[in-house]
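Those protein sequences? They're chains A and B, same order as listed.
Mapping of the first sequence onto this note's numbering: position 82 corresponds to residue 82, and the numbering continues sequentially without gaps.
Mapping of the second sequence onto this note's numbering: position 170 corresponds to residue 1170, and the numbering continues sequentially without gaps.
These are calculated hints, taken from the structure and not from any lab test.
Note that the coordinates shown come from a computational prediction; the quantities given were computed from them, not determined experimentally.
Please note that a few of the clues may not be correct.
Stated by the list, open to error - Now the in silico label distances, taken between C-beta atoms and shown as ranges:
1) B:1077 / A:149: 33 to 41 Å
2) A:67 / B:1314: 51 to 59 Å
3) A:195 / B:1285: 32 to 40 Å
4) A:78 / B:1151: 35 to 43 Å
5) B:1268 / A:82: 30 to 38 Å
6) A:149 / B:1215: 28 to 36 Å
Glycine included, C-beta positions come from ideal geometry on N, C-alpha and C.
Number of protein chains: 2
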Amino acid sequence: MKTFSNPSVAIVGATGAVGTTMLSILEERVFPISDLRLIASSRSVGNVIETTWGSIVVEDLDTVDPAGVDIALFSAGGARSLEYAPHFASAGASVIDNSSAFRMDDTVPLVVAQVNDEAIRSHEGIIANPNCTTMVIMMAAGPLHAAAGLRTMFATSYQSVSGSGHTGIAQLASEIDHFDSQRSNLVTGGWDEPDGDLYTRPIAYNVLPLAGSIAVVGYTDEEWKLVNESRKILDRDDIAVEPTCVRVPVMDGHGISASMWFDRRVDLDEAVAVLGSAPGMQLWDDTKVPTPLDSAGIDDILVGRLRETIGFPGGISLFAIGDNLRKGAALNAVQLAELLLA
Amino acid sequence: MKTFSNPSVAIVGATGAVGTTMLSILEERVFPISDLRLIASSRSVGNVIETTWGSIVVEDLDTVDPAGVDIALFSAGGARSLEYAPHFASAGASVIDNSSAFRMDDTVPLVVAQVNDEAIRSHEGIIANPNCTTMVIMMAAGPLHAAAGLRTMFATSYQSVSGSGHTGIAQLASEIDHFDSQRSNLVTGGWDEPDGDLYTRPIAYNVLPLAGSIAVVGYTDEEWKLVNESRKILDRDDIAVEPTCVRVPVMDGHGISASMWFDRRVDLDEAVAVLGSAPGMQLWDDTKVPTPLDSAGIDDILVGRLRETIGFPGGISLFAIGDNLRKGAALNAVQLAELLLA
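Whenever a hint applies, use it, and build me the whole structure from the sequences.
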């Protein structure tokens, strides 16, 4: 694996919600960068962004020359990754791609930093950053899997609107304003539909029990990511996953309610021992239940409601929450970039 | 079972969120009432409430004489039910109690109208109205159980603040206002804690993965209700239930994501046939995903995301949503009262 001591770094999709978080995290962590390039679609081209590496003019993805880029952090959507990531990789860059484009490609490692770091070593130019919901629950499932072998996982999500980028945040805010004058109608019925078609239904004061788009046999693409990415990250093809992905009116922070069973019984003491010492995670007890608001802006995944299963004894239930823009996306990408440092 | 043709009806807890909904529903359904009495705790005593049965002065629960009441609808909290419901029952009233006080009492039937109506016939003066979350999922689980025998249910809830009454609705509204000027901090962190101690953590723009209070082995009272009430309603003691109860920033309407397995395989066609013809329910396909906002103010339970399980084939996953103030509480109580009509 090619490593770098003072790389040239490019952020592709630099003005999006994840891209701007990538830049913040590179700054916070004082990532060693010889030259930073910010690249976006034509809408943002020419904008000047102030960084600790100086004022940087946003370049146009459609015309950019990737020569000289050592590490490229992509978060510009699946279609742009499919088109441009191989172009950057063949020009010599190690691409860390936040889209779903390459995640299930056998030649592309899918890596949760602090869970399956070693997988990165086999990369051939492109490394995939997992789905934000999968990432959060893998931070808890990974250490338990390492200890006892994960066989079964029920995962039900509470996904924030920042998972849909700046437009998701703006949509929730505008709908909250829209409903300000008709809050009592939210109880009795008779509310007016807000504007906007980002989601199929209103998201303010609501729950959308369908996140993503229906893909196969009634499950959404988001739900299939929980199935397939979990198996690839944990390197076990026969993990049984029952996924449900739901959008909730939260600005930032994805929560996952999960029940897990393993190759052998795992009791509460063992789960506390494993998760209490797992990296990148805070285990909170029931006197201090973690919430998405607590996760916003921090790096650690928060895990709470840890308990032994009661319907089928021998397993563990828990609630995991993480900042989907940070560990769910930008932070993990930067952590993967750090694994590429010499 | 004693029945009535034109009963004297009392609402105990008449000024609460459920009590006022009970009154609305009695009016909507033109319930035959010879004499309506509205009873509450001392705070509301003396208030005059306009009804289709005339202007009624609210009476004081502490001093009221229950003589002459035929049907008493109680929704004044568990402690008041424990104290006053037996008093009303021994004075001759048939009590329909919305609290948890008597639900697991062997001499008290626990009835979801249109699911286990026949259970009401054995009552000895008190009939229990199930928990609002359990009620909603039982409307979907009941018909499937009747067809195939429910063995296993994973249930993860998305519970609205109206489940905490008027104060829950007011708390969410005030927190939404509190966060108006600091919405960007909800993404980056650094928000100020809102006032109020109804919940342990803020509820606006947040998810509280602990609804109710921790009871036994790390599960909340709300979660144990899903276990124990489901078994009693479906009259099967060995149903394995894995429950997780979560509060979400929704004004009204409880959602439950559930996966269920039965004594035999149930496929999608059968589930569609069973639920498509079940009473009190609308089955929506994936082109029109039901949400809590759609359920507010209506009587039917909405069921969507119906699909065959993929982790352990042979079962059914679905998302059920219902107005917790109506079918989850007041409507079911009135439907039970209708079963007492001659």
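Verification of the supplied hints:
1. B:1077 / A:149: 33 to 41 Å: Check failed, 47 Å falls outside 33 to 41 Å.
2. A:67 / B:1314: 51 to 59 Å: Check passed, 55 Å falls within 51 to 59 Å.
3. A:195 / B:1285: 32 to 40 Å: This hint is violated: roughly 25 Å between Cβ atoms.
4. A:78 / B:1151: 35 to 43 Å: With Cβ atoms ~40 Å apart, the hint holds.
5. B:1268 / A:82: 30 to 38 Å: Hint holds: Cβ distance 33 Å, inside 30 to 38 Å.
6. A:149 / B:1215: 28 to 36 Å: For residue 1215 of chain B against residue 149 of chain A, whose Cβ atoms are near 31 Å apart, the range 28 to 36 Å holds.
When each numbered hint is compared with the structure, violations occur for hints 1 and 3.
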